[in-house]
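Asker: For reference, the chains in residue letters:
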Amino acid sequence: MSQTHKETLLKMQEPSSTDVGSAADYIALMKPRVMSLVVFTALVGLVMAPGAMHPVMAIAAILLIAVGAGASAALNMWYDADIDAVMSRTQDRPVPSGRVTADGALTFGLWVSGLSVLSMAVMINYLSAALLAFTIFFYAVIYTMYLKRRTAQNIVIGGAAGALPPVIGWAAATNSVSIEPLIYFAIIFFWTPPHFWALALIKNDDYQAANVPMLPVTSGVKSTLSQIVLYAFVLFGVTMLPYGLGFSGLFYASGAAVLGGIFVALCLVLAFTGEKHRNRVAGMTFAYSIFYLFLLFVLLPTDKVMGL
Amino acid sequence: MSEDNKPKEEVVWTEELLRERRKRATIMAIALLAFIALFFWVTLVKLGANVANRPL
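If you read the protein sequences in the order shown, they are chains A and B. Going left to right, the first sequence walks through residues 1 to 308 as my numbering numbers them. Going left to right, the second sequence walks through residues 1001 to 1056 as my numbering numbers them.
Calculated from the structure, these hints are not laboratory results. The model shown is predicted, which means the values in this text are computed figures rather than measured ones. Some clues are possibly wrong.
Pairs of lysine-lysine, BS3-like flavour, derived with a Cα cap of 30 Å [what the hints assert, rightly or not]: (1) A:K304 with A:K203; (2) B:K1046 with A:K304; (3) A:K31 with A:K203; (4) B:K1023 with A:K31.
Produce the complete structure using the sequences and hints provided.
Answerer: Here's what the structure looks like:
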């Protein structure tokens, strides 16, 4: 454990008894940027499902998925406050900066989690409620409390939590799970490692200081770069499955091929870029990966509407 | 002095902090009202025409 980390842990044990967090701080606890991608992919899962869902029910389902995702983010921020305080990217978050107490974040996360799951069960159906509960549990307990600090495969396995929203959306609309949402799950699951590792390359010093075993920390930059390229190729193959299995058309397939081709090319360029420019290319890869996933999930419903 | 008796750092409630707290309480109230409205709306959708057809 580094000296900085030790000092931070000691500092965090000093009681800060009064919660002076503003509404904006509590919204920040829910990681709104991550939440927006969750909402979007869940919405696509819901739209792609067969049959029509009443718009009011659809709005309720998406809202509850968003709230559940936000609650799990609050639990993550509660547990990770010690390492967040060490890393430049996260040290201004509400808990490490002292604007929200750790107890405040925990209470908020638990209440909102319970409320979102129970409401999902009452308003929508039990299957989507169970999936939402599992997602919150997987992210807050399996990923945050167990995987993140123990294994370099943390974000690979933990990525399952971020990949579940389209499955929940589908389950909300149909009260069932079939192969299509599982393919959407696989797309996000295989997208997560190259996306996160590109960021981890840039923030390597931070993760090292915080003692988080991200792949660049444990296995080095070279190994991380080859894993990024490997996952980019696998992801390309997985994004072709909706066309291969016959539930998306040529419009989706050609769009996904172009976008995936660019992503593979970017990852290859990153792998062969020298140390001097590596962070810049890693930043581009990280930014493009968000754009790539977003467009893939735009292509799916657009293809369905066009019926090509 | 033992750990338990150590005085905790008191927050001085400045005007700005009080304003923020009031704002937080207002937003929480709005969120709760919106949640109640959503529950009501979903109930109406679920009951559908049965609201009119129920035995009196």
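Asker: Confirm or reject each hint.
Answerer: Here is what the structure says about each hint:
1. A:K304 with A:K203: It is violated: about 39 Å lies between the C-alpha atoms, which goes past 30 Å.
2. B:K1046 with A:K304: holds (28 Å)
3. A:K31 with A:K203: Given pair K31 of chain A, K203 of chain A holds - Cα atoms ~19 Å apart, limit 30 Å.
4. B:K1023 with A:K31: Satisfied, since the Cα-Cα distance of roughly 20 Å is no more than 30 Å.
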